[in-house]
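Novice: Each chain, written out:
Number of protein chains: 2
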Amino acid sequence: MNIVLLSGGSGKRLWPLSNDVRSKQFIKIFKTEDGEYESMVQRVYRQIKTVDADATVTIATSKTQVSAIHNQLGEDVGISVEPCRRDTFPAIALATAYLHDVQGLGLEESVVVCPVDPYVNDDYFEALKALGEQAAKGEANLVLMGIEPTYPSEKYGYIIPKALTGTEAQAGATDLTAGTVDPVDPLAGAESASTAVVSLVDTFKEKPDAETAKAYIAQGALWNGGVFAYKLKYVLDKAHELIDFTDYADLFDKYGTLTKISFDYAVVEKEPEIQVMRFAGEWKDLGTWNTLTEAMDEPTIGDAVLNGACDNVNVVNELNVPIVCMGLADVIVSASPEGILVSDREQSSYIKPIVDRIEQQIMFAEKSWGSFRVIDVGENSLTIKVTLNPGHRMNYHSHQRRDEIWNVISGEGSVIVDGMEQPVKAGDVVTMQAGCRHTVSAVTELKLIEVQLGEEISVYDKQKFELEA
Amino acid sequence: MNIVLLSGGSGKRLWPLSNDVRSKQFIKIFKTEDGEYESMVQRVYRQIKTVDADATVTIATSKTQVSAIHNQLGEDVGISVEPCRRDTFPAIALATAYLHDVQGLGLEESVVVCPVDPYVNDDYFEALKALGEQAAKGEANLVLMGIEPTYPSEKYGYIIPKALTGTEAQAGATDLTAGTVDPVDPLAGAESASTAVVSLVDTFKEKPDAETAKAYIAQGALWNGGVFAYKLKYVLDKAHELIDFTDYADLFDKYGTLTKISFDYAVVEKEPEIQVMRFAGEWKDLGTWNTLTEAMDEPTIGDAVLNGACDNVNVVNELNVPIVCMGLADVIVSASPEGILVSDREQSSYIKPIVDRIEQQIMFAEKSWGSFRVIDVGENSLTIKVTLNPGHRMNYHSHQRRDEIWNVISGEGSVIVDGMEQPVKAGDVVTMQAGCRHTVSAVTELKLIEVQLGEEISVYDKQKFELEA
Chain B
-9 MNIVLLSGGS GKRLWPLSND VRSKQFIKIF KTEDGEYESM VQRVYRQIKT
41 VDADATVTIA TSKTQVSAIH NQLGEDVGIS VEPCRRDTFP AIALATAYLH
91 DVQGLGLEES VVVCPVDPYV NDDYFEALKA LGEQAAKGEA NLVLMGIEPT
141 YPSEKYGYII PKALTGTEAQ AGATDLTAGT VDPVDPLAGA ESASTAVVSL
191 VDTFKEKPDA ETAKAYIAQG ALWNGGVFAY KLKYVLDKAH ELIDFTDYAD
241 LFDKYGTLTK ISFDYAVVEK EPEIQVMRFA GEWKDLGTWN TLTEAMDEPT
291 IGDAVLNGAC DNVNVVNELN VPIVCMGLAD VIVSASPEGI LVSDREQSSY
341 IKPIVDRIEQ QIMFAEKSWG SFRVIDVGEN SLTIKVTLNP GHRMNYHSHQ
391 RRDEIWNVIS GEGSVIVDGM EQPVKAGDVV TMQAGCRHTV SAVTELKLIE
441 VQLGEEISVY DKQKFELEA
Chain Y
-9 MNIVLLSGGS GKRLWPLSND VRSKQFIKIF KTEDGEYESM VQRVYRQIKT
41 VDADATVTIA TSKTQVSAIH NQLGEDVGIS VEPCRRDTFP AIALATAYLH
91 DVQGLGLEES VVVCPVDPYV NDDYFEALKA LGEQAAKGEA NLVLMGIEPT
141 YPSEKYGYII PKALTGTEAQ AGATDLTAGT VDPVDPLAGA ESASTAVVSL
191 VDTFKEKPDA ETAKAYIAQG ALWNGGVFAY KLKYVLDKAH ELIDFTDYAD
241 LFDKYGTLTK ISFDYAVVEK EPEIQVMRFA GEWKDLGTWN TLTEAMDEPT
291 IGDAVLNGAC DNVNVVNELN VPIVCMGLAD VIVSASPEGI LVSDREQSSY
341 IKPIVDRIEQ QIMFAEKSWG SFRVIDVGEN SLTIKVTLNP GHRMNYHSHQ
391 RRDEIWNVIS GEGSVIVDGM EQPVKAGDVV TMQAGCRHTV SAVTELKLIE
441 VQLGEEISVY DKQKFELEA
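First to last, the sequence lines map onto chains B and Y. Counting in this note's numbering, the first sequence runs from -9 upward without gaps. Counting in this note's numbering, the second sequence runs from -9 upward without gaps.
Please note that a few of the clues may not be correct.
If chains are identical, the list can't say which one is meant, so a pair holds when it fits in one copy or spans any two.
[Claimed, not checked] Straight-line C-alpha distance at most 25 Å; calculated SDA-like pairs for lysine to any residue: (1) 452 with 190; (2) 415 with 388; (3) 415 with 393; (4) 53 with 248; (5) 415 with 446; (6) 2 with 293; (7) 342 with 289; (8) 452 with 393; (9) 223 with 105; (10) 415 with 391; (11) 260 with 190.
Derived by calculation from the structure, the hints in this document are not laboratory data.
Work out the full structure: start from the sequences and follow the hints.
Specialist: Dropping the structure here:
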């Protein structure tokens, strides 16, 4: 299958784990079978590859996430980089042009567009595959995923399907009611997907109140899962109708001038013939602390001690010092280099306006070459710990307004300073005056303590250069 | 007045602010009039000097606290250093010998011994002064302070005074009932002290249950405030009776061989004629998070945001990142380089056994020359931030098993490395191989990032040397 994952923007709903440079999908919070933790994007990518090892995965995202994606998924994943944020229609148009013009996919091939952060089992990706196969049939221009509602939610849009035919209704009753799909057996999933219920869409409904939602569900309504499948040709044609561009490169260049408009508004609502395919497996949206912690396998991640008087407490601790909780009920605690959250479970959904008011420098970031963490903020200094992954190097760069000192604390690699290369290992010190061009590369994992000194230390004070041959 | 402050041992009841090297009395938690924060020991010292500018203050404490005391109170305060912990009788005997043999106080002079951590107003120190004056009269060998109980506490010992004479009872009724002493007017305090009610002690009672406490209070019982006043001669004689020693230096040398015994058990309980002086002012024991936070003038110290749904929440944050609290009730949150506590108010008194089980390296310490904080712990490295106070220097020392790198990030000073001195300023880097002798001194406040490298980094790997002339 060809799948495009829409990797949404930065957000603070999961502060202090998410911030302006780390979106929630990059937080490593899910325990895998080997005891390590993986992020939402890693989990989804692994699940896709489990279901379809040959799947072409392209992530549509902004420039700021490219480093984190390469760091977490490796270099093989396709990325359609949005030069700036322009809502889902331009993003899907760009990704589709990328698949055609850069990846070489044919116009008749189908693609499935899906959010990057559903918390689901493998059967969900079986369903996506079926969705792509359905789109390839060409019975309708668009095929959506309709999630079987488990309660009258006020958080989702609803899809009202046209009345089912007798045969379809029977297939649905037999294979896709909640719980009958085996989430751990891909074959069971594949079988259910092959007999999936497909209907035409009658109408779409915006997020209703609970009473209205009940009435919709009584009519057979489905949650709109935010998934679209289509043939490349269809979306490229729509894009050319609405945007004046020649090819991917041209669209990329004028991306900043495009109007912000959602795919739902620009395409879905105007399309007369849309199919919806039912999905009855587990599907969760982990957008808040409350829902995220419900998906945790254990009450705590990281160094944490809960005394016996704690009840329904979750701790996610990214710091290397312990968190001790005593006598708390229904509380979420999270600590990262950015800050500490202590919140009542229900209240945690109101976090955004509070943390939006916090002005703070970025304390942690993943980069394509590794990661860094701010460990000391001085008046005219900043000290960071840099971890370079084996075989990676920083950009060759200089700063106008600060000197830097590298203290190598572990690993082996080499530095280039004003064109001169030399090997480095633990204990070596490299000093760089402002203006001096420098880079470091890692042979084994390389860790540095970098001391920055200057009166105007800023992430914007950076000039990049090509390395001399 | 001559006052000896007993500065108790390390404790974890106020973890993460107190730890193995920082006792609760050194935590800066009380806001002063100029908006700065002071510690319990700083508050008490300032209050003593306000009441009696000429007071001789001696702090009886262990070696581990000497640096913190000098750092917080300066170099002028007297310190009677206990080579090891041996309970209060040896400690008071040593401090008394120190006052006589080192400070040159006469045998007939009186001294008041008091815990370092009462949370009180200036009138308390007026009362201590009166206690010293009463002891100097020589009517009894010992004069204790009896606190007027405000409720039938189960936490304190009780002193039952002998029945008051008519005159004394009247003086007490006139001047010393709770609330009549003006805590902000030293003259009013002095006057009340001069007419303070002094009784003979009938008997002492251990911590009772609440019912028994009520009965004691009905009899006129007082809380034992842990304060003793006496003439030097009295305690020195007692010390010579119980310990074979010649003078202060001799007592200091054999301190490790002394039996652990409390002053109450060794002296007070065996003394037939003891006076008790009543004190009716405010007196609080801030030994737990619950009582400590009650004494805070504002709900938060440090970077903290409480949303409107929080009720009765205190935050003490020593980290430089924000703590956000949402929808909490009756909760205490504290964060320091050592860890994070989130506790229900009542539950916080059960903290000790929990944090005793946490094995952790010291992450922060005050030293006589300044302070340090661990900012990164690597596998074979440790990075600390060092702050040297102006005019101070580290000991001249070396390490057998680690190399060190100093990155000067602010200030001016000089380093000596293997006997060679050179000035340093922000941006300078000094590397020291294992075995190399080194020190740094500050002209202005000097800050360093110190990177330690080695396979066996330990605080015990340190050899001190005299500086060559």
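Novice: So, for every hint listed, does it hold in this structure?
Specialist: These are the hints, each one checked on the structure:
1. Proximity of residue 452 to residue 190 under the C-alpha cut-off of 25 Å is found in neither arrangement, the shortest distances being 54 Å within a copy and 78 Å between copies.
2. Taking CA atoms no more than 25 Å apart as the test, residue 415 paired with residue 388 passes in both settings, with 22 Å inside one copy and 23 Å between copies.
3. With identical chains, the CA atoms of residue 415 and residue 393 are at most 25 Å apart both within one copy (21 Å) and between copies (14 Å).
4. In this assembly of identical chains, the alpha carbons of residue 53 and residue 248 lie at most 25 Å apart only when taken from the same copy (17 Å versus 70 Å across copies).
5. Taking CA atoms no more than 25 Å apart as the test, residue 415 paired with residue 446 passes between copies only; the shortest distance there is 18 Å, against 30 Å inside one copy.
6. Taking the closest pair of Cα atoms, residue 2 and residue 293 come within 25 Å of each other both inside a single copy (23 Å) and across two copies (18 Å).
7. In this assembly of identical chains, the alpha carbons of residue 342 and residue 289 lie at most 25 Å apart whether taken from the same copy (23 Å) or from different copies (23 Å).
8. Taking the shortest Cα distances, residue 452 and residue 393 sit within 25 Å of each other inside one copy (12 Å), while across copies they are farther apart (32 Å).
9. Taking the closest pair of Cα atoms, residue 223 and residue 105 come within 25 Å of each other only inside a single copy of the chain (21 Å); across copies the shortest separation is 83 Å, beyond that limit.
10. In this assembly of identical chains, residue 415 and residue 391 lie within 25 Å of each other by CA distance solely across copies; the values are 18 Å between and 27 Å within a copy.
11. Only within a single protomer do residue 260 and residue 190 lie at most 25 Å apart by alpha-carbon distance; the minimum there is 15 Å, versus 97 Å between protomers.
In this structure, only the earlier hint numbered 1 is contradicted, and the remaining ones agree with it.
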